Amino acid sequence: MNPGASLPFLFHAAYLLSAVLFIVGLKFLSSPGRARRGNGVAALGMAVAVLATLVSLWLPGTGFRNHWLILGGIAIGAVLGSVGARRVKMTDMPQMVALLNGFGGGSAALISTAEFLHAAMGHEAPGTTAAVSTMFGCIIGAISFSGSLVAFGKLQGIISEKAIISTAQKAASIAVFAGLLGTVATIALGGGAPWFLTLLGGSLLFGVLMVIPIGGADMPVVISLLNSFTGLAVAATGFVLSNNALIISGTLVGASGTLLTMLMCKAMNRSLTNVLFAGVGAGAPAAAAPGAPAGAKKNVREVSVEDAAVLLANVHSLIVVPGYGMAVAQAQHAVRELADLLQKRGVEVKYAIHPVAGRMPGHMNVLLAEANVPYDQLFDLEQINPDFEHTDVALVIGANDVVNPAARTDKTSPIYGMPILDADKAQHVIIVKRSMNPGFAGVDNPLYYEPRTTMLFGDAKSAVTKLVTALKDGGG
Amino acid sequence: MNVMILAEIYVFVLAVFVGFEVISKVPVVLHTPLMSGTNAIHGIVMLGGVLVLATASTPLLTALGFVAVVLGAMNLFGGFVVTDRMLEMFRSKKPAGKKG
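Protein sequence lines, in the order shown, are assigned to chains A and B.
Its first residue numbered 1, the first sequence is counted upward by one per residue in the working numbering.
Its first residue numbered 477, the second sequence is counted upward by one per residue in the working numbering.
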């Protein structure tokens with residue numbers, strides 16, 4: 001075998017190896033005990049693919065150029081990416097994933113654009129497959145890029161987290177979509193570079209219009225969807241460049257990401273179309289919702305920090321229900337301190353984790369683990385729900401929709417059917433909440449008006465910190 | 477349509493099935509790390525940027541390729557680091573996880 005023939009062989013064998021490692025990595029990532037190893041296996045697969053590619057560039061007689069620019073670009077991206085990923089706070093993880101996903105999408109869009117321009121310069125005639133893949137990679141990659149940046153902006157608080165819905169926005173979306181179709185047709189009929197740049201610009205615009213109307217609490221699903229978009233865009237660039245490693249990896253991510261998106265929707269008992277187009281969180285329909293007992297006994301009992309502390313000091317069992325508000329206020333350390341204090345007094349403390357509590361599935365587990373809450377005190381929905389009725393106090397911190405009994409009882413409620421934590425069955429419920437505003441679903445919560453419920457108004461962190469102080473002062 | 481493209485389509489279709497199959501039973505708490513892990517895997521797009529840059533013949537193509545490599549590398553390296561940090565949170569607090 002001469003060197004020229006053995007090179008592609010080794011090259012493709014390396015890609016095959018990395019594809020196998022990706023699949024094994026994904027398999028491990030979806031089982032709790034082996035998840036971290038799975039990430040390592042996938043990283044190993046990546047190292048194999050990258051090394052094989054770089055080695056092939058350096059072999060003599062291949063005619064490749066820009067070697068140092070390639071290494072420089074990789075080095076810059078590697079430093080920026082890993083330093084950013086090291087420094088980001090645990091609470092800001094969701095927007096970090098969104099940002100990184102956007103970069104991948106942007107990369108795919110640029111690759112497609114470059115390949116189209118390259119072909120348009122007359123170096124080669126673009127075949128049908130190449131034309132379809134460049135357009136697909138450009139559109140999906142660009143949507144993922146700009147959509148992810150908007151998702152990042154919403155989670156970071158740069159853009160309003162609310163679902164921004166207007167007829168103008170809907171009309172603009174339809175117009176841009178129609179424009180994209182027209183541009184695709186023009187390019188298919190032989191339109192040149194200016195048309196392709198129009199396609200790129202239009203796709204970027206469409207990504208913004210697609211994500212802007214979606215509320216902050218639905219961002220996890222959106223990020224997951226855009227993640228699978230990037231996967232598909234990468235697969236498309238694989239077709240453009242005739243590179244199996246890109247096709248396999250991109251497709252794996254596209255397919256598993258799509259399934260993951262559907263699983264996430266299922267955990268919230270909603271459909272993907274509902275997430276994308278219903279604009280839940282726009283806040284308008286709350287008051288008008290029929291079926292709510294209009295104006296009946298809408299009085300709320302407020303409790304002072306001191307009274308709440310006294311109550312907590314004298315119970316036997318407590319279940320903490322953490323939610324979005326706890327994550328936003330970063331109250332997890334204060335919550336753990338409160339739990340430690342109560343446990344020293346002999347109170348049995350458990351945490352009830354709703355599958356979609358927080359900004360991402362599993363977010364609460366990560367935050368509480370960061371605050372050194374023992375893993376064996378965390379319970380998921382099925383495990384903990386039977387315990388509520390034997391529990392003295394359910395302490396709901398910044399959670400709302402996940403404890404809304406309307407999901408069980410009120411068929412007209414937008415969240416009807418969503419599995420909830422049965423906090424309302426505890427002997428007493430204390431709700432730590434900033435105000436009476438409804439949660440992201442824009443639905444009123446009948447739990448607040450129950451006779452056994454008391455409200456402790458305030459920012460989750462300051463309220464819990466005050467509780468800790470009051471408990472310490474109240475008697476050692 | 478030649479045989480090579482058909483082979484690529486084979487790979488694509490089979491990868492779709494594998495992608496669906498491989499995560500069929502994932503517990504809810506792992507949704508986020510899995511999303512982050514798959515996010516890192518599509519960082520392989522960096523190699524696409526590398527191939528564009530390696531064959532770039534004009535300043536414009538060189539610039540596009542370079543930016544694609546930087547963006548892809550951020551996706552790749554950042555993705556694996558973020559996923560590892562997330563999973564570390566899950567594992568280290570488990571009583572059984574102390575050994576590792």
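Bear in mind the hints are in silico, worked out from the structure with no lab data behind them.
Be a bit skeptical, because a hint or two may be false.
Claimed, not checked - Derived lysine to aspartate or glutamate pairs resembling DMTMM-like cross-links, with alpha carbons at most 20 Å apart: (1) B:Lys501 x A:Asp380; (2) A:Lys425 x A:Glu450; (3) A:Lys89 x B:Asp560; (4) A:Lys350 x A:Asp387.
Claimed, not checked - Chain A stretches covered by chain B per the calculated footprint, using a threshold of three residues with CB under 8 Å from any CB of chain B: (5) 63-74; (6) 247-253; (7) 319-328; (8) 363-377; (9) 451-461.
What the hints assert, rightly or not - Heads up, incomplete: computed chain B residues facing chain A, CB under 8 Å, no partners named: (10) Val479; (11) Ala491; (12) Pro503; (13) Thr508; (14) Pro509; (15) Thr514; (16) Gly525; (17) Thr531; (18) Pro535; (19) Leu536; (20) Thr538; (21) Phe542; (22) Val546; (23) Phe553; (24) Leu563.
Remember, it's a predicted structure, so these values are computed and weren't measured experimentally.
Each residue gets a CB set at the ideal place from its N, CA and C atoms; glycine is no exception.
Restraint check for Lys501 of chain B with Asp380 of chain A, where alpha carbons must lie at most 20 Å apart: 17 Å, holds
Residues of the stretch 319-328 of chain A with Cβ under 8 Å from chain B, three needed, outcome: With 0 residues in contact (Cβ-Cβ under 8 Å with chain B), the coverage given for the stretch 319-328 of chain A is violated.
Hint check: 8 Å Cβ-Cβ cutoff, Thr508 of chain B to chain A: This hint holds: Thr508 of chain B lies near chain A, its Cβ roughly 4 Å from the closest one there, short of 8 Å.
Per-stretch coverage check for the stretch 363-377 of chain A, three Cβ contacts closer than 8 Å to chain B: holds (count 10)
Evaluation of the interface hint that places Pro503 of chain B against chain A, nearest CB under 8 Å: Holds, because the Cβ-Cβ distance from Pro503 of chain B to chain A comes to roughly 6 Å (cut-off 8 Å).
Three-residue Cβ test at 8 Å for the coverage of the stretch 63-74 of chain A by chain B: holds (count 8)
Hint status (Cβ of Ala491 of chain B to nearest Cβ of chain A, threshold 8 Å): 4 Å, holds
Hint validity - Leu536 of chain B Cβ closer than 8 Å to any chain A Cβ: This hint holds: Leu536 of chain B lies near chain A, its Cβ roughly 7 Å from the closest one there, short of 8 Å.
Chain A contact restraint for Leu563 of chain B - C-beta distance below 8 Å: 4 Å, holds
Supplied contact hint for Phe542 of chain B, tested at 8 Å Cβ to chain A: Constraint on Phe542 of chain B satisfied, holds at 5 Å.
Chain A contact restraint on Phe553 of chain B - CB to CB distance below 8 Å: 4 Å, holds
Chain A contact restraint on Pro509 of chain B - CB to CB distance below 8 Å: 6 Å, holds
In summary, the structure is inconsistent with hints 7, 9, 10, 18 from the numbered list given earlier, while agreeing with the others.
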